[in-house]
Amino acid sequence: MTIDQDTLRHLSEASVSIELETQDMTLNIGPQHPSTHGVLRLVARVDGERVHDVQPVIGYMHRGYEKLSEVRTYPQITALINRIDWVSGYANEIPFIVAAEKLMELEVPERAQYIRLILTEMARISSHLVFMASYPLELGAATPLFFALRERELVLDLLESVTGGRFHPNFNRVGGVKPAYGSGSSTRKLIQDLPAGFLDSTRTAVIRVREAVDQIEDLVAGNEIILARTKGIGVLPPEVAAAYGVSGPNLRASGVRFDLRKVEHYLPYDRFDFEVPVGANGDCWDRWWVRLTEIRQSVRIIEQAIDSIPSGPIQAKVPKVIKIPKGETYVRAENPKGEMGYYVVSDGGSVPYRLKIRSASFSNISILPWILEGVLIPDIIAIMGSLDFVLGDVDR
Amino acid sequence: MTSSPSETEQVAHPLQAFADEVAAAVGGEAEITFDTVKVSVPPDKWVSAHETARDQLDLVFFSWLSAVDWSTEVAVGDPLGEEVEERIEMLTTVGDLTEGKRVTFTTDLPTKNPSISTLVDVYAGANWHEREAMEMFGIEFVGHPYPVTLYLPDGFEGHPLRKSYPLLSREVKPWPGTVDVEAMPEGPSTENPEA
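Going line by line, the protein sequences match chains Y and P. Number 157 in this note's numbering belongs to position 156 of the first sequence; there are no gaps in the numbering. Number 160 in this note's numbering belongs to position 150 of the second sequence; there are no gaps in the numbering.
Since the hints were derived computationally from the structure, they do not count as laboratory data. The beta carbon of each residue, even a glycine, is placed where N, CA and C say it ideally should be. Careful, some of the hints might be misleading.
To be verified - Residues on chain P that point at chain Y, a partial pick, calculated with CB under 8 Å:
id : residue
1  : Thr43
2  : Phe44
3  : Asp45
4  : Phe72
5  : Ser73
6  : Val86
7  : Asp88
8  : Leu107
9  : Glu109
10 : Asn137
11 : Trp138
12 : Leu160
13 : Ser174
14 : Leu177
15 : Arg180
16 : Val182
Extracted from the complex, chain P is given alone in its bound form (with noise of 0.2 Å):
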């Protein structure tokens, strides 16, 4: 045997080569997070991706889009633990209807003034989904067919999901901060005591 104890060792995780198949349909890197097989794309190939996942790779099902406010200047909670590269995350989930395969594809934006081609014309269901991510994180969709606030009121300020936006009842009454208990006599431990 030529294989060293830690080749041995790593295990492919199972989702890792549908992972790769969809990485490389649509020119991106995968990445399994937990069980979440996570795909980064450049921004300019944002529509591309989809297009690729929804016609090659059978993943009609559009489930949601969001974004993520990478940020160490936070207004509220608690600061990240660790400097990050300061972004605009993008992030969708689209999935098959038959296997229950998903694929969750990521992009990084600029936090200021993010803009991105909308996907609209690609899943009809993205319409509301951006429409929600424009007025909370304050992103651009570049040719949505109806750019206005989905839950915001008229003439509403900020927005809200980005970490600089307060919270108004924190703001009242202060977020304590994360509030440190002693452990357990015993240590912490995740074992199952009759198991």
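Only chain Y is shown next, with the shape it has when bound in the complex (with noise of 0.2 Å):
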């Protein structure tokens, strides 16, 4: 017996086109997976391997920062916004201490912008070398951790240098910096500036920070398989990223060259020479390379910085209590995550009357279910790292 052809075609069709009941899988990611950078959930439906979409779920980290703020006093705010983005802690206080003395009308020594400037750009140094530790280690290549947590810690030493602690400095005063203790001396007496040595073995540091970003650029841009995970993954259009609010590195990825450090006037940027590293294509290799990029170009800043700090008091003199004058202002700041803001409303009282706290990482991972829609599962790692998020910045 013969089948003719078309009875042939006809009969495979006919079995390709039987649907199966199939059932979407809801797989719940987190609150406690090693990718999460703290604990968010992801309760994704996937078909498969692939994800139909994908709702976080935040606040396991939620600290209720905007109300505690409106029982301290400015002098103990900066105490608990060190511990929003706790990778850069120091950057942290730069916009909200700005802040409070807009509404003062004070000016700040030039000496202690200076120290502000060359603290910001190392507390970038070191969040951006926690991302080029943790990024291939998601993506399964262990070594460049190494590479990157060594030279992280000699920029943590200096910042405990300067201002006694390594994650949460809480240096900055209203009206300037702290007073630092002299370092290598028995007696530790509190001296009215940096301590002895800083900003030569800063200029050694950023050397060696440099050398490191080299080698990690050979070991992690010439691996096949972090190229293949990351190239084309990810990729997020600059008009979505803006309506979602995404800042930093991560809008810059997606080629917007645009950086507050170049266009608002929160410390004096204005002075140094330093390019905007943007993206090509906005996926997740670019947004691994314009934080590469970036650390570079603190270096560069830094090392300006070093050469033409000048000198003079690092503290304008203010009242032994601070109270705010009445007004209300946003002053917001290039951090290494993004756009961190805060819009501060003083009834004239040592108490704000009400503290918003416009962190970068909140808005940069609300464009998570946008992101992962249609993704394959191992691909919601490479993205969700190539974020770069702290939970800590999300939750407040």
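Got two chains here, separate frames each, mind docking them using the hints?
The following block contains the structure:
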């Protein structure tokens, strides 16, 4: 018996057109998952390896800083806000303290501004180095971690020598920066300046950071597995990023040359020569590359700032009790994670009437339902890691 | 010269022209408060003002949305120094991605059962911010696609960022209130001694 071609085609089409009764599976990722940088839960609806949609569940780390700030004086709040994004604790303080100074119409001494700028860039280097360490690790490459964390330790040691804290410096005061303790002496007396030898040690350290960045680039950029897992994965178009409020390196990776250090004047960045790197495709690879390149730019800024730091006082004269005159303002700054800002409403007292904390990671991960739609399960990890968020910065 | 001395002293704020432009485009009132351009609009123009900002003024970046509970009765913290009109003040900040321009939009809602249209269709990023404002202030966002709590657990009662909401730690140990310390002997001064 022979079957003609038409019948055969008909039969084969009939066999594949039978639809099996399938059901999407709901997959819980987190809250305790190594790739979530804290406690983030994703409720993913998956069809095999394909993700239909994702609903992030946050709030496991919500500490209510906005409410707590309503019963704390301005100097007390700087201690709290260090803990928002603990990977770059120092950088969190800057927009808040600048907002308080703006409301007081206070002129901050130049040297204090330079110290703030140097330390902010060191915080950026240390934050980006954590990303350089953790991101390849999430993709299965452990070695870059050792290169990145080794140099980060240098930076943290220097931060500690000035501020007394590795993660939570609590170093800014309204009108300037905290007097430091003299290093290397047995008496540890309070000095109204940077510790001796700090600027020279910093210069040496950033040269080593630059070398480490080159090593990391050699190590990661030539790795075919990492390239395959990041190139063309998690593409974020600039207009979507803007509508969701995605900022910082994630926005620049999508090709938007926008850096608050260039447009807002919260620290004297306009005196230094540095570039704003942008990505071409907005994929995971570009987000990695933008951060790598930003470390090099931060090193450039620090070197220039060390060369030109003026001498003088580090603290403006302020009353014993800081009372902020009535008024409201929004001050934002380019944090390692993106736009960090504080909307301060003061009624003239020593505590803010309302403090709205705009943190970068909150908006950066609100993109997750959009960007994870239709990806493969392993790509969830690659995409989430590339957004470089910290749950303390999401939940506040 | 016809201008009086008081007029010549009045130097326009560098942001004044931009503030006026925004206010005229959205039909609101502009105010510059410490280098922050604040434009207040009536609640019924809330969505259209943001559409205008996005489409005509190129303010495509959604920064944040939140609210302030203006109230003379406070459960915790210091009461306001003066009487205010009780209201919930909505705030959003949007910006551009070229020159660093930004506008803070504001509108007033009643303290009791505040309700306003959602901005999710204008700026997708408003989604989470509105969920946060919803649970923290008890504001209803009409048309929100997923109006469930963001941070707080299911079944949580109250709206923590309302001024009437007590803070548990201050129930245990009361807030001392504003503690006034005597000023420095030479009197408070913000002058830099070496400037």
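To see whether the hints hold, each was checked on the structure:
1. The interface hint given for P:Thr43 holds, since its Cβ lies 5 Å from the closest Cβ of chain Y, which is under the 8 Å cut-off.
2. Satisfaction of the interface hint for P:Phe44 is found here, the shortest Cβ-Cβ separation to chain Y being roughly 4 Å, below the 8 Å cut-off.
3. Because the closest C-beta pair between P:Asp45 and chain Y is about 7 Å apart, less than 8 Å, the hint holds.
4. Given the 8 Å rule on beta carbons, the hint for P:Phe72 holds: about 4 Å separates it from the nearest Cβ of chain Y.
5. For P:Ser73, the interface hint holds, since its Cβ comes within 8 Å of a Cβ in chain Y; the closest pair sits about 6 Å apart.
6. Given hint, P:Val86 at the interface with chain Y, holds; its Cβ is 6 Å from that chain's nearest Cβ, closer than 8 Å.
7. With a cut of 8 Å, the hint placing P:Asp88 at the interface with chain Y holds, because the nearest CB-to-CB distance is about 5 Å.
8. The restraint placing P:Leu107 at the interface with chain Y holds, with a minimum CB-CB distance near 4 Å, inside the 8 Å limit.
9. Interface restraint check for P:Glu109: the shortest CB-CB distance to chain Y comes to about 6 Å, inside 8 Å, so the restraint holds.
10. Taking 8 Å as the C-beta contact cut-off toward chain Y, the hint placing P:Asn137 at the interface holds, the least distance being around 7 Å.
11. With its C-beta approaching chain Y no nearer than about 5 Å, P:Trp138 sits inside the 8 Å limit, and its interface hint holds.
12. For P:Leu160, the interface hint holds, since its Cβ comes within 8 Å of a Cβ in chain Y; the closest pair sits about 6 Å apart.
13. The restraint placing P:Ser174 at the interface with chain Y is violated, with a minimum CB-CB distance near 12 Å, outside the 8 Å limit.
14. Taking 8 Å as the C-beta contact cut-off toward chain Y, the hint placing P:Leu177 at the interface holds, the least distance being around 6 Å.
15. For P:Arg180, the shortest C-beta to C-beta distance to chain Y is roughly 6 Å, which falls under 8 Å, so the interface hint holds.
16. The criterion of a C-beta within 8 Å of any C-beta in chain Y is not met by P:Val182, whose closest approach is roughly 13 Å, and the hint is violated.
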